[in-house]
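**Q** Protein sequences, first through last, are from chains L and H.
At position 338 of the first sequence the residue is numbered 337 (numbering that gives the first Met the number 0), and the sequence of numbers has no breaks.
At position 369 of the second sequence the residue is numbered 368 (numbering that gives the first Met the number 0), and the sequence of numbers has no breaks.
Hints were generated in silico from the structure; no laboratory data involved.
You can trust all of the hints, since none of them are fake.
Lysine to aspartate or glutamate pairs mimicking DMTMM-like chemistry, simulated, CA-CA at most 20 Å apart:
1) L/Lys303 <-> H/Glu525
2) L/Lys307 <-> H/Glu499
3) H/Lys550 <-> H/Glu525
4) H/Lys550 <-> L/Glu462
5) H/Lys303 <-> L/Glu530
6) L/Lys307 <-> H/Glu525
7) L/Lys307 <-> H/Glu522
8) H/Lys564 <-> H/Glu490
9) L/Lys550 <-> H/Glu462
10) L/Lys206 <-> L/Asp223
11) L/Lys298 <-> H/Glu525
12) L/Lys307 <-> H/Glu490
13) H/Lys307 <-> L/Glu530
14) H/Lys564 <-> H/Glu525
15) H/Lys404 <-> L/Glu522
16) H/Lys303 <-> L/Glu525
17) L/Lys564 <-> L/Asp549
18) L/Lys298 <-> H/Glu490
19) H/Lys564 <-> H/Glu522
20) L/Lys303 <-> L/Asp27
21) H/Lys564 <-> H/Asp549
22) H/Lys303 <-> L/Glu490
23) L/Lys404 <-> H/Glu522
24) L/Lys298 <-> H/Glu522
25) L/Lys303 <-> H/Glu530
26) H/Lys307 <-> L/Glu522
27) H/Lys404 <-> H/Asp392
28) L/Lys404 <-> H/Asp549
29) H/Lys564 <-> H/Glu530
30) H/Lys307 <-> L/Glu499
2 protein chains.
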Amino acid sequence: MKSSASLQATLAQWMPILAWLPRYRREDLSGDLLAGTITAILLVPQAMAYSLLAGLPPEVGLYASIAPPLVYALFGSSRTLAVGPVAVASLLVAASLGDIAAPGSPEYYAAALLLALMTGLILLILGVARAGFVANFLSHPVMSGFTSAAAIMIIVSQLKHLLGIPLPRAENILHVGPALLTGLGGINPVALGLGLVSIAGLVYSRKYLGAHLRRLGLPAALADPLTKTGPLVLVILATGVTWLLALDQRVALNIVGGIPTGLPPIGIPPLSPELWRELAGAALLIALVGFVESVSVAKVLASKRRQKVDPDQELVGLGMANLGAAFSGGSPVCGGFSRSVVNYSAGANTQLAAIVTAGFIALAVVFLTPFFYYLPQTVLAAIIIVAVSALIDTEMPRRVWHYNKADAASLAITFVVVLTEGIETGIVAGVLTSLALYLWRTSRPHIAVVGRVGDSEHFRNVERHPVHTCPHILAVRVDESLYFANTRFLENFLLAGVAEQPEVRHVVLICSALNYIDASALESLENLILEFRGSGVTLHLAEVKGPVTDKLHRTPFLAHLAPGKLFLSTDEAMAALGCPGPALVDREASGDISTTPVSASAPIL
Amino acid sequence: MKSSASLQATLAQWMPILAWLPRYRREDLSGDLLAGTITAILLVPQAMAYSLLAGLPPEVGLYASIAPPLVYALFGSSRTLAVGPVAVASLLVAASLGDIAAPGSPEYYAAALLLALMTGLILLILGVARAGFVANFLSHPVMSGFTSAAAIMIIVSQLKHLLGIPLPRAENILHVGPALLTGLGGINPVALGLGLVSIAGLVYSRKYLGAHLRRLGLPAALADPLTKTGPLVLVILATGVTWLLALDQRVALNIVGGIPTGLPPIGIPPLSPELWRELAGAALLIALVGFVESVSVAKVLASKRRQKVDPDQELVGLGMANLGAAFSGGSPVCGGFSRSVVNYSAGANTQLAAIVTAGFIALAVVFLTPFFYYLPQTVLAAIIIVAVSALIDTEMPRRVWHYNKADAASLAITFVVVLTEGIETGIVAGVLTSLALYLWRTSRPHIAVVGRVGDSEHFRNVERHPVHTCPHILAVRVDESLYFANTRFLENFLLAGVAEQPEVRHVVLICSALNYIDASALESLENLILEFRGSGVTLHLAEVKGPVTDKLHRTPFLAHLAPGKLFLSTDEAMAALGCPGPALVDREASGDISTTPVSASAPIL
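Produce the complete structure using the sequences and hints provided.
**A** Now the structure itself:
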């Protein structure tokens, strides 16, 4: 009995649906149904648009909106994340397959399926290994710089549909410039006009329609969902006008054309070993970027309702969703930001909403695709441009510039390199920059000479607080673990300190911020003991943490330290070395101890 | 007057000889003369041997022993470092030039000169930029693994001379195996016998001769220098025997052959741009490895006599010495370990000893090279093998294995990859491993739940000390600065802690070990505030350092933290939140506060 319960718990851990579906509350149903329907209405045009952005036929995006959310509903830990094709992942697909096959060719489509399979496997492996932490190395500024740059690249890539002129696919968006200039003469004014009107309509429905409808007396519960129908209404209107006026024939307006009818084909992606090797980097990138994006959306939504998201389970959920895409003719998927927000604010309570959405998309694929024949590509471009322009992040650059220049540098480098050298290079450059800046910072740790605060047991930086020091003791706190890259920096600081204060007889190294001392640093400290001994100075350590002390006991270091000691607290060290608080000093009327005021406090540093 | 004195001080800073030569003490002269002579006696055969190891004619090593130590004497900050060709740098030269030209060809020699020029320029640039810290990234374990592997590669490379059979130059020493097996039939027994006898003689003179001589009644001051003549005596004996018995003709013993007579040619290394590009990596490696090796020797020797070595000035000194080599027909140089120790223990007091050594080598080049015609190569191989076998470090692997497994891993990876994939790949792999392990460690910081020690103001880990805690407060100390890679780890720890202790109302994050909070971590903390607020828990910070507080004040973070507070000390935080020390609690007879004994102390972690 017990073991069957624990088996059930284990299963529910890996398949969260087993936990929530049996306890499904009837009152959640209406919200889930409404949210599922509205998300489907938003998703149909978006899915086709993102598919074209990825260089794939429009139906592939629809296929990727059926099986993946169904599978995610079984394995995902977020209640409201809406999974499917998204703009950034589509851009990554286009960027990674562009050199492998011609967009639109069967080889290109096959490679996209393989990419979904590999992305799924990578996510799944990371999830089973509980290794979601690798995504931590994509810092927020790097993600912000990347997302903004990707949004700009996506907008540039849509100009060809909006203007009705051919433009090359370019890694470096600057290279689009000349083609744009030479193509200006060939602009299709109908495409451009229709596109601009579409953009204006979408922006209106997104920003103002809700308020206008409410002002007309509609209840908010009806007005808000209606604004989400903007893209679908636009698609229906534009398709109707194009068909009626035969714009494709008369003014050569590019249209979507024939979309196959019927449910997605179930099949196995190609398994060519060279293709696996070629796509490995791209799959890893899509997996990590998609994971980070999905988890951040899922967390934001979960925290609003005090729910929890398990990042490692998200890896499993997203991994299975991508496998679902790969085996049902879909491109790589992840959790979409705007779509999830729509789903959430339309009242989704559980992943049942996603199941409803998938059902509607399946119906659309079976019955509605013939109606999209006359849909102008410029309208899909407009939908993409409006959707991704929300991804351009101007807030984060402003904020990190004020807060932390190193973060600002990582953001700027990612942004610029993504735009000029391509996505993969840009992300790698961003991650390496953030790591290098971190290493640089830890290699020059903050070191403070400290003194006693009044008669307390507290010791603070002599440069920032009015503290009491003794000339024969140099008490120094180093604010970083000691390792090979910063050990020489500390050594130089201490040697310079002792050289500048000839009366110093004891150096107390306060180790409260040290979590470990690596082998190089230990050797360095041993050298320091010898060098100090030469000048009649003794090194002591204070506030060494338990785990560090344990490790030191395994080496001859403490024997070499003698007569220097290991003190539990700085207070204890200072008292033992003849530097108690000023009150005690006054009582003992000792002469050579001085209270250092803030202003004239820093002999060193 | 003042400005001329300060000019003089600046000059003396860049040319330490201006500081020590005017104050040269007469009593230092005898030591310098003796040490200079003995080092020269050791150096003549070593210089030729290392030159052959580098794939260069023997005289190149002698040239590299004249100008470079003279130049170093002007610019170097170490009093006793002996600069010249060394085994590891010679191996690096051979490894980097092997693919560029045939050893022994004029192109090969020209490339070696260019390598010395580039090494010198790199060192000089680093020195002028005071950027010696870059060498810190070569940690001690990586250097140890590299040096041991290099010594083994050098020994393997000498087998062809020792056995008298042809062996291929191989990046991967395992590849030498088959050639060795097939060549076994062609071993020259005279070469092998002479080589083994030479090794035995060298080991004897190094380890036992001194003791035997002293036992025979010689004073130590005479006996010790005599043992250093071992290599030269061996060279003279072996050359004489080879000439007398015509071993080169009768048993085809390989001999050194003709060495040009006369001082080194003064000239400019070739300046072909492609060659510069090709050699850039190798030059950087030689510069860094040579610098690290030289500085460690120089520091060890300086600390014995309470002198100081300035690493940045060492870069200048070694850089100028390499330029000296490049323009006088020499290969790259650095400070040699055994040679410097010999120089030091023979009584060298200043760089005058190096000037004496250079003078003797110059005399040898002018007058003695004809005498080396019949010197057997197997004897030089024996000298190299005995010299470098001292570089195989078995102590460091043993020590780091016990002390720190991450250091042991860096060492092992460097060692194995150098041997199997080559030197450059090996060092890069070692550096990357040590950096990756460091990042891994900081991405999973040590986090401790803490409690009050008795009635003191000290707070310690509940798992290691008998401390006093209150159930409604979770006080947590994180032992690492917060940055993108570890912020999620902390978040998970705190959320799990609060979830497991439903009675917790306040979380106090003790920031004594935090030197900064980057933008990603700040966002994470803001999320945490919201998530805690959802469960009725308030986050507080304590012991935030001055610079971190300053930065937080530039953001809206502290406004978002409210009603959570920033406390100066943990004591203050605990008192304000209703958890004073046990004595106070007893007085107040409060019921819900408990003193946690060590054994049953850890609700979390």
